[in-house]
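A.B. asks: Next come the chains, spelled out residue by residue.
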Amino acid sequence: MNGILSLRRLRAMLVKETIQMRRDRVTFAMMLGIPLILLVLFGFAINTDPKHLPAALVAPTQDRYTRAIVTALEMTGYYHFTKVGVSEAEAERLISDGTVSFVVTIPSDFGRRVARGDHPQILIEADATDPAVASGAVSTLGTVAAQALRREQGASAPADQPGALQVVVHKRYNPEGVTQYNIVPGLLGVILQMTMVMMTSMALTRETERGTMENLLAMPVTPLEIMLGKVLPFLMVGAVQMAVILFAAKILFHVPFVGAMWLLLLGVLLFVLALVLLGYTISTLSRNQMQAMQLAFFFFLPSILLSGFMFPFRGMPGWAQAVGEVLPLTHFLRLVRAVMLKGADLTTVQPQIGALTAFVVVFALLALSRFRRTLD
Amino acid sequence: MSAVPVPPPQGTAPAIDVRGLVKSYGGRRVVDDVTMQVARGEIAGFLGPNGSGKTTTIRVMCGLLTPDAGTGEVLGHDLRRDARRIRREVGYMTQRFSFYEDLSIAENLAFVAGLYGLTPVRKYVDETLADLGLTSRRDQLAGSLSGGWKQRLALAACIMHDPKLLLLDEPTAGVDPKARREFWDEIHRLAAGGMTVLVSTHYMDEAERCHRINYISYGRLVARGTVAEVVKGAGLTTFVVEGLDGAAMIDLDERLRGAPGVEQVAPFGSVLHVVGRDAGALKASVTRIAGGAGARVTPAETSLEDAFIHFMGGAKDNMA
Chain A
1 MNGILSLRRL RAMLVKETIQ MRRDRVTFAM MLGIPLILLV LFGFAINTDP KHLPAALVAP
61 TQDRYTRAIV TALEMTGYYH FTKVGVSEAE AERLISDGTV SFVVTIPSDF GRRVARGDHP
121 QILIEADATD PAVASGAVST LGTVAAQALR REQGASAPAD QPGALQVVVH KRYNPEGVTQ
181 YNIVPGLLGV ILQMTMVMMT SMALTRETER GTMENLLAMP VTPLEIMLGK VLPFLMVGAV
241 QMAVILFAAK ILFHVPFVGA MWLLLLGVLL FVLALVLLGY TISTLSRNQM QAMQLAFFFF
301 LPSILLSGFM FPFRGMPGWA QAVGEVLPLT HFLRLVRAVM LKGADLTTVQ PQIGALTAFV
361 VVFALLALSR FRRTLD
Chain B
377 MSAVPVPPPQ GTAPAIDVRG LVKSYGGRRV VDDVTMQVAR GEIAGFLGPN GSGKTTTIRV
437 MCGLLTPDAG TGEVLGHDLR RDARRIRREV GYMTQRFSFY EDLSIAENLA FVAGLYGLTP
497 VRKYVDETLA DLGLTSRRDQ LAGSLSGGWK QRLALAACIM HDPKLLLLDE PTAGVDPKAR
557 REFWDEIHRL AAGGMTVLVS THYMDEAERC HRINYISYGR LVARGTVAEV VKGAGLTTFV
617 VEGLDGAAMI DLDERLRGAP GVEQVAPFGS VLHVVGRDAG ALKASVTRIA GGAGARVTPA
677 ETSLEDAFIH FMGGAKDNMA
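Residue numbers (my numbering), protein chains in the order written: chain A, 1 to 376; chain B, 377 to 696.
Keep in mind the hints are simulated off the structure, nothing from the lab.
Watch out, some of these pointers could steer you wrong.
[Stated by the list, open to error] Partial selection, computed: residues in chain A whose CB lies under 10 Å from chain B: (1) Gly211; (2) Ser369; (3) Arg373.
Glycine included, C-beta positions come from ideal geometry on N, C-alpha and C.
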């Protein structure tokens, strides 16, 4: 009974919070309505044309033709070869975990085939989970490569030989470039972020404004119990929202789900925990519900703009990417896209899981240290 | 109301023993060097005008506010170090209804029982509902209760864990006389069972139902003791002036105010209470002005209210 966490007291808090949540019909409707409204609103896409996208090069032989192609691709401004001379398996891992957006494979017999004029091929695999990222880069490809090759062959090249170079493009994970495939999983993150933070940011200010805080503090309940009692009921709400969105993703937008459900659930659990704790932190900082709302929005806008939801992350300037890295939504978006569209496994999304866990811990400590046990 | 209750025997360690409490807000000392003892089993009245620091003092005593200066023990626990133990043994009823209006009566009680670790929760809730006579309305939302019922519910919730000390902050504000009477009967029942009660109030009749009273003004404790002691300590003399009709009485009221020795003139129906500290000067003025106008002047007992008005006028104003 004397510890900082008694299950009996926590249970009393949870029961009370759940009942209050259920009675607040407007809020309850909002929690279910917002996902549906946003899903419909974001049915259309925002496209941009990002450049300097990281690419990996798989080229067993480094001859002059290979170098010419690589230089030409880099000259387009879309490709930036960050990993050179990697193996096929390694390249597969890089594109799967999102380190690179493209894998360019130049086969070992490329030089010989060029010399023989025997339909040389290069393979470009593009990560098309975000079609905006891949489209510009892919569209410029064919002509650029062909020109580069022709320059390299010089006078010996047969003029205008049709089909001399074949560029094979594989749009990975999202072959048709359907924007919804990218937007809808992202919406899962945005909707959770919006509702979870907003609801929990009122957790304490509502008690204060209704005059019940004084009574709550006068009773033997600990800050940890109050915090858990306030945030845990929202895990259920998050689960309901996730179900609604995934269902809509399947039925309305036919977004594929190739990954493991348990991994997605783990990600959602961590993300929602981070969000409700963030919201609770906001409520310890605010004096009234208006302030809480403003603070929640202060967090909400950069999350939408800089997380890679609205604009491709790689298209943003460095400072914006730096801000994006400290937003939970950024990491959740990477995770949900990797799991849903690429079928990534735990090892692949480990950095995201780690980041989300870190957010949970940081926000929980922040909230507890900010909680005032007295009315001073 | 009824006769002045007899205070219980002193001697055991006091339930409240605070010394030199200070609490400031924005440079203003809301509680200014308050020293106070409340004996176990006593009903202590805490009186004072609005904004005099009653609520702040009570909050310091139950650990909701940290004092800027001063020390003290509540139920033998140190005010600063043992706030958690104080919380467990004290029942605090806030001035404003502070239970959950969107929870039902039974749900509110179950919540409180859960936080105090009372098991089985159901038994405590059922018993409390039965005591309140609210069993049939257990599923009604607390927000839909009338003021009197809210107050009864709040008191019941505060004493469910059988606290040793009950702190009541203006519990009867806005409650009708019958409900107030019943409320005070309940307080006396609890005190008879050994509970110590500190209750703040504006009402003189309620003050007279306390064993001892503490009067606070502008953050300072200016008087304490039984009602008789406080009235006596004020050192006031009172005359009743009567026997003239309305207009003449109003005229008399005007002329008495400001006369030498006269501190308060208060009309009660068709009579005037004239109060002052300097008995000789007061008597001379009243005899000269009222007697000269043909009114009847008789000495009277000073009331608690007269004493309080006197304290309010006398306390140094630190609000400026």
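A.B. asks: Now look at each hint and say whether the structure bears it out.
C.D. replies: Outcome of the hint check:
1. Interface restraint check for A:Gly211: the shortest CB-CB distance to chain B comes to about 5 Å, inside 10 Å, so the restraint holds.
2. A cut of 10 Å between beta carbons decides the hint on A:Ser369: the least distance to chain B is about 17 Å, and the hint is violated.
3. For A:Arg373, the suggested interface contact is upheld, since its CB lies about 8 Å from the closest CB of chain B, less than 10 Å.
Hint 2 from the list above is the single one not met by this structure.
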